[in-house]
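All the letters of the sequence shown, read from the start, carry residue numbers -30 to -1, 1 to 219 under mature numbering (1 follows the signal peptide of the UniProt record, and there is no 0).
Just so you know, not all the hints are guaranteed correct.
What the hints assert, rightly or not - Each computed EDC-like pair below joins lysine to aspartate or glutamate, with the alpha-carbon atoms no more than 16 Å apart: (1) K119 / D202; (2) K214 / D57; (3) K28 / E67; (4) K71 / D44; (5) K28 / D74; (6) K214 / E54; (7) K169 / E94; (8) K191 / D115; (9) K169 / D91; (10) K165 / E94; (11) K165 / D91; (12) K169 / D96.
These are computed hints drawn from the structure, not numbers from a lab.
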Amino acid sequence: MRTAGGAVRMAAVAAAGLVLLAGCGGGSGADEGKNDGAGKGERPGGPARGASSTTRLKNIPGVGAALRSRIPADSRQVVAVYGEGADSADATVVLYEKNAKGWDRQGSWPAHNGRRGWTVDHHEGDKRSPVGVFTLTDAGGVLADPGAKLPYTHSSAFTPPSFWSKNTRHDFDYVVAINYNRVTGTSPLDPTRPKGQSKGGGVWLHLDHGSGTSACVSVSKPAMQTLLRALDPARHPVAVMGDKAHLAG
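When you get a sec, could you build the whole thing from the sequences and use the hints?
Dropping the structure here:
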């Protein structure tokens, strides 16, 4: 196991693992896999869609000045999550990388977010994903490290609780922690919530089960493998996420 900032006290983390997973994304987890219709049929495309390609851009498409100003100056990788609507669970994830000539689009994938949509004031149990700009520093999963550049915690403690729906069995095979109300540089399993329990936590990028989540962002297994192999601490990756209206504001 590799961890950022020194060794993680895995005995304590493992003991808290089920508590964290049961609240992953700020919800109870009991209905995490229930399909509320958000995953039916083709999911709508975002500003960039299809196979990996390169398009040099001055700014991240669809992201207005308010959120753009919150992207750290040294960030050269952005995982943009374009939610279809404030109350929609459908989204598109696009990976952008910055070079001397601008931003290049590296890949685009269908995704899901919180089953009730998005919020600028996330609270535990609201089933909405938080809008904002969040650093990405830590990864892990049930499966062995697929070649991640981020520190990766390989642990069975990521296994979803047995009372969750069967279609969530592999949700946490791979995860990247979204640094919302968590301690950076620790395993995604670390349950610490600096802003308090009521503000939710355990918001991750993870594998998709075909419908909305408690607050996490979910994509296919190949997409997660691509992201894990691409996201590089030296490039200071961040997630810029929200519904299209909030992103553009």
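(request) Mind checking the alpha carbons of K119 and D202 for me, to see if they're no more than 16 Å apart? (result) 5 Å, holds
(request) Starting from K169, check that the Cα of D96 is at most 16 Å away, please. (result) 10 Å, holds
(message) Checking one constraint from the list: CA of K191 to CA of D115, max 16 Å. Satisfied?
(response) 13 Å, holds
(message) Tell me if the straight-line CA distance from K165 to D91 falls inside 16 Å.
(response) The hint holds at about 12 Å.
(message) Run the distance test for K169 versus D91: straight-line Cα separation, threshold 16 Å.
(response) 8 Å, holds
(message) Checking one constraint from the list: CA of K28 to CA of D74, max 16 Å. Satisfied?
(response) With a Cα-Cα distance of about 9 Å, the restraint between K28 and D74 holds, given a limit of 16 Å.
(request) Measure nothing beyond the straight line between the CA atoms of K71 and D44; if it is 16 Å or shorter, mark the hint as holding. (result) Since the Cα atoms of K71 and D44 sit roughly 15 Å apart, the hinted pair holds (cutoff 16 Å).
(message) With the threshold set at 16 Å, check whether the alpha-carbon distance from K214 to D57 stays at or below it.
(response) 11 Å, holds
(request) Assess, step by step, whether the Cα of K214 is no farther than 16 Å from the Cα of E54, and give holds or violated. (result) Holds, because 6 Å separates the two Cα atoms, which is no more than 16 Å.
(request) Below or equal to 16 Å on CA atoms is what counts here, so check K165 against E94. (result) Holds, because 12 Å separates the two Cα atoms, which is no more than 16 Å.
(message) Checking one constraint from the list: CA of K28 to CA of E67, max 16 Å. Satisfied?
(response) 11 Å, holds
(message) Check the hint pairing K169 with E94 against an upper bound of 16 Å on the C-alpha distance.
(response) 6 Å, holds
This entry satisfies every hint, going by the numbered hints stated previously.
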